[in-house]
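Given only the sequences and the hints, what does the whole structure look like? Please build it.
Residue-level listing of the chains:
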Amino acid sequence: MKYEYTVETEDLAKYYTMGPAIIKALDGIDLRVIRGEYLSIMGPSGSGKTTLFNMIGGLDRPTRGKVYIDEVDISKLDAYELAWLRCRKIGYIFQTFNLIPVLTALENVMLPMIFAGVPREQRVKKATELLERVGLGDRLHHKPGELSGGQQQRVAIARALANDPSIVLADEPTANLDLKTGLDIINLLRELNREKGVTVIVATHDLKMIDVSDRIVYLRDGKVERIETRREIAIEIEEE
Amino acid sequence: MSSAPRMEIGKIYMPFGEAVRIALEDIRRRFVRAAITTASVVLGVAFMDALLILAAIARVLGGEGAGVQAYQLWILFISLLVCVVGIMNSMLIAVAERTREIGTWKCLGALDKHVLLLFLIEALLIGVIGGLLGWVIGLLVAVIYGTQVGMSTVMSALSTSSVTIAGLEFLPTAISTFVLSIVLAVFLSLVASLYPAYRAAKLNPAEALRYEV
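Sequence lines, in order, name chains A and B. First residue of the first sequence? That's 1 in this note's numbering, and the numbers climb one at a time after it. First residue of the second sequence? That's 1 in this note's numbering, and the numbers climb one at a time after it.
Treat the hints as calculated values from the structure; they're not laboratory data. Hints may be right or wrong, so weigh each one.
In the DSS-like style, the derived pairs of lysine-lysine whose C-alpha atoms are separated by at most 25 Å in a straight line are [to be verified]:
hint	chain 1	residue 1	chain 2	residue 2
1	A	LYS76	B	LYS113
2	A	LYS126	B	LYS11
3	B	LYS11	A	LYS89
4	A	LYS76	B	LYS202
5	A	LYS125	B	LYS11
6	B	LYS11	A	LYS76
Here it is as structure tokens:
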């Protein structure tokens with residue numbers, strides 16, 4: 001892997017106008033995410049986590065500033081190129097799982113590979129492998145409605161990894177899960193992060209995420225409040 | 001960062017066969033919604049077929065008032081208009097219900113045209129099914145109603161075994177209304193779905209994902 005930083009933002013800002021008021025969802029974010037890193041973005045709701053998620057994911061355009069994915073300025077990409085980037089470079093995981101309800105687990109995982117032009121046989125093989133990896137080898141032909149929340153999130157993780165992306169972006173992946181299931185999902189994300197070397201960026205306010213994160217970015221009112229590495233946190237705990 | 005490297009952007013695929021398969025699955029799994037949309041098509045087409053076939057029966061039986069009356073054409077036109085509005089309404093609700101799903105599609109790499117294609121294929125399938133059902137119902141209504149009105153004529157036709165001749169004369173009408181039904185149903189369904197499908201395709205992914213049903 002050739003680039004040091006998978007994601008880089010420069011003075012990234014997103015303003016929303018609500019009537020006469022301007023809401024600064026993001027206000028000058030400078031962030032560098034190292035390849036293979038597990039980064040958590042923490043902050044209270046309304047701090048701009050989801051907006052940052054959307055900007056890094058190429059789902060929305062910034063008001064000001066830049067986002068680089070693998071050193072490419074994504075604000076310069078057109079709709080087609082952005083769609084390709086979303087398909088091949090980024091895997092998305094959501095709070096509400098967002099599986100396609102009419103498709104089976106296997107078909108959901110195969111979907112990004114259809115867009116990538118992977119032949120059917122290979123699609124089936126790879127999707128099966130991924131679902132087995134996340135522990136759903138016996139649930140391939142179940143529809144999302146027939147799966148529990150934790151199982152649905154596992155399918156979503158498998159789907160996010162379908163095209164071997166550079167980045168997995170997760171927005172509150174554990175918010176709709178109970179404590180134990182949430183912890184399983186966090187650990188699974190961590191394992192896959194190590195195994196595949198994929199950069200994981202998680203927007204969360206789940207404190208369980210701290211243990212597995214390499215770095216934690218604290219957001220407040222659309223600004224980076226502070227960044228902590230795991231070592232610093234470990235020291236803090238020792239001192240207490 | 002001055003000499004930013006270009007990413008080698010590749011192609012995005014959506015084989016037509018896969019799109020049809022997904023659209024079919026959508027109709028099957030969301031049966032109630034699809035059935036309501038289809039009902040709009042069925043009603044419009046059935047009414048038209050019943051009128052046309054009744055006129056044909058009247059002609060074959062040599063009965064009174066052969067042909068479709070002008071005022072009936074007006075009612076037909078209005079009923080088809082209502083049918084279009086019904087489909088459009090139903091499709092708009094379908095798009096609203098699936099807003100977050102459309103956002104997800106776009107996250108996975110779908111282009112606007114893929115979303116458009118999916119909704120239009122669904123409209124096409126609904127058109128074909130609606131046209132077929134509408135024709136069958138229209139035919140049944142016309143034959144039952146027609147035979148009741150012209151009962152004596154039919155009876156006499158039966159007794160003189162000229163019913164086969166009547167049937168033969170009737171056959172072209174059956175075929176032409178069948179073709180007309182399918183073509184018209186598909187056309188109406190597509191026209192009515194264009195705007196909803198366009199709206200779905202143009203959704204901003206970030207907003208679509210935020211949407212609460």
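Status of each hint after checking the structure:
At roughly 21 Å between alpha-carbon atoms, LYS76(A) and LYS113(B) fall within 25 Å of each other, so this suggested pair holds. Restraint check for LYS126(A) and LYS11(B): satisfied, since their Cα atoms lie roughly 20 Å apart, inside the 25 Å limit. Taken as a hint, the LYS11(B) and LYS89(A) pair is honoured in the structure, with Cα atoms around 13 Å apart against an allowance of 25 Å. A distance of roughly 20 Å separates the Cα atoms of LYS76(A) and LYS202(B); the hinted pair therefore holds under the 25 Å criterion.
The straight-line distance between the Cα atoms of LYS125(A) and LYS11(B) is roughly 22 Å, inside the 25 Å bound, and the hint therefore holds. Simply put, LYS11(B) and LYS76(A) have alpha-carbon atoms about 18 Å apart, close enough for the 25 Å limit, and the pair holds.
When each numbered hint is compared with the structure, no violation occurs for any of them.
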